[in-house]
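> Listed below are the residues making up each chain.
Number of protein chains: 2
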Amino acid sequence: MVVKVYGPAYASPKRVLLCLVEKEIDFETVPVDLIAGENLTPDYLQLQPFGSLPVIQDGDYTLFESRAIIRYYAEKYKTQGTDLLGKTLEDQGLVNQWLEVEAHNYHPPLLNLVLHIMFSPHFGIVRNEQVINESEEKLVKVLDVYEDRLSKSKYLAGDFFSLADLSHIPFTSYLVGPVGKEYMIKERKHVSAWWDDISSRPSWLKVLEICK
Amino acid sequence: MVVKVYGPAYASPKRVLLCLVEKEIDFETVPVDLIAGENLTPDYLQLQPFGSLPVIQDGDYTLFESRAIIRYYAEKYKTQGTDLLGKTLEDQGLVNQWLEVEAHNYHPPLLNLVLHIMFSPHFGIVRNEQVINESEEKLVKVLDVYEDRLSKSKYLAGDFFSLADLSHIPFTSYLVGPVGKEYMIKERKHVSAWWDDISSRPSWLKVLEICK
Chain B
1 MVVKVYGPAY
11 ASPKRVLLCL
21 VEKEIDFETV
31 PVDLIAGENL
41 TPDYLQLQPF
51 GSLPVIQDGD
61 YTLFESRAII
71 RYYAEKYKTQ
81 GTDLLGKTLE
91 DQGLVNQWLE
101 VEAHNYHPPL
111 LNLVLHIMFS
121 PHFGIVRNEQ
131 VINESEEKLV
141 KVLDVYEDRL
151 SKSKYLAGDF
161 FSLADLSHIP
171 FTSYLVGPVG
181 KEYMIKERKH
191 VSAWWDDISS
201 RPSWLKVLEI
211 CK
Chain R
1 MVVKVYGPAY
11 ASPKRVLLCL
21 VEKEIDFETV
31 PVDLIAGENL
41 TPDYLQLQPF
51 GSLPVIQDGD
61 YTLFESRAII
71 RYYAEKYKTQ
81 GTDLLGKTLE
91 DQGLVNQWLE
101 VEAHNYHPPL
111 LNLVLHIMFS
121 PHFGIVRNEQ
131 VINESEEKLV
141 KVLDVYEDRL
151 SKSKYLAGDF
161 FSLADLSHIP
171 FTSYLVGPVG
181 KEYMIKERKH
191 VSAWWDDISS
201 RPSWLKVLEI
211 CK
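Chains as they are written, first to last, in the UniProt record's numbering: chain B, 1 to 212; chain R, 1 to 212.
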């Protein structure tokens, strides 16, 4: 059975691709063009009622929300490929904690930067300098916490690469690339070393190759 | 060992209390007053570097982010109290999916309503009617998806009460109470029946009693 992943060209689906590559799970991709509104067709809304990416189909099992999908495969294939959850329930708790931090502290200001700098004027977004400045200020505070954390452990949840680190990769590659704010990573010694490490993993290079 | 829960009087920590009651786990609470800034003291920031609630301490294990904490206890005490994860990994995938929907689709507009209607002018929030109207419009769309989903299964992840339902309770009790928008729930037949069901669970009544 090959896992079908909808919408590979955007950052959230790339979380899923990264996970599938790390777990050595075969998959195929189904392009969904957000700018053409392919995520709002009745067929797509049957799969994902909010019109968001990604969705996976695995036989007759359908699942959406990237962080739910990566948790599912990390658990289902725990002993295959890279272990992304840690050895104990306590490790897994910390993986989930930092995955929530990514979702609630790191992602929202970064998404604003991506939308207002990279995607305006698509999706009706008018570039707003105040939103950009406020989002950068918020992200600086989050990165300062990361710098402290990563001075004490090699990865966010401990001394092992996990879903928490993986989940940061696709949008952070926008930050250091087309968003043009690489200095936010580079001026923090431990964040910079962490980013160099996780963004040079073969899984990410493979995902970039698939999506180019 | 008794679990120590910081910050019980607010909605996010109540997710944790609800889970601990459902799982029949003993706990004690440590009040943290956000309005007095007790979440920004050096000691508190050692526990939770972003100054958010809740945090738990369980022996020498510290964990923050309410949805990470409830996942940890639901898994650690899988066979004690109410099973909040479902029987299979596929059930658990759907629980996580709807928990992510709660976090990313349902919670942000509801939090805006709570902040601008209930908490202004605390925390420097100036009541903004445009934010209130836009947030209500977004929440209506989410509730329409819930109405469809709950017409097909009794609870969000299937025919069993789970973390996904539980996570909605504390903030939705603000929506139908002090926010003054009970009609958003009541005018949707299946959402209304679901809310009556989950909000009358003994666990929630006990949490309200603890926090009154």
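It cannot be assumed that every hint is accurate.
Just so you know, same-sequence chains aren't split out, so a pair can sit in one copy or run between any two.
[Stated by the list, open to error] With a straight-line cut-off of 16 Å between C-alpha atoms, the simulated EDC-like cross-links for lysine to aspartate or glutamate are:
1) 189 <-> 24
2) 206 <-> 148
3) 76 <-> 90
4) 138 <-> 209
5) 154 <-> 196
6) 76 <-> 33
7) 87 <-> 129
FYI, nobody ran anything at the bench for these hints, they're computed from the structure.
> With 16 Å as the alpha-carbon cut-off, assign the pair residue 189 and residue 24 to within, between, both or neither.
neither (32 Å within a copy, 44 Å between copies)
> Is it within a copy, between copies, both, or neither that the alpha carbon of residue 206 lies no farther than 16 Å from that of residue 148?
neither (30 Å within a copy, 39 Å between copies)
> When no copy is named, should residue 154 and residue 196 be tagged within, between, both, or neither for a Cα gap of at most 16 Å?
Within one copy only: 12 Å inside, 47 Å across.
> Checking an output row: residue 87 and residue 129, CA cutoff 16 Å. Within, between, both or neither?
The answer is neither: 44 Å in one copy and 49 Å across copies each exceed 16 Å.
> Is it within, between, both, or neither for residue 76 and residue 33, if the alpha carbons may be no more than 16 Å apart?
neither (30 Å within a copy, 41 Å between copies)
> Give the relationship of residue 138 and residue 209 under a CA distance limit of 16 Å: within one copy only, between copies only, both, or neither.
Close neither inside one copy (32 Å) nor across copies (36 Å); limit 16 Å.
> Could you figure out if residue 76 and residue 90 sit no more than 16 Å apart (CA to CA) within one copy, between two copies, both or neither?
between (18 Å within a copy, 9 Å between copies)
Hint compliance for this structure: hints 1, 2, 4, 6 and 7 are not met, and every other hint is.
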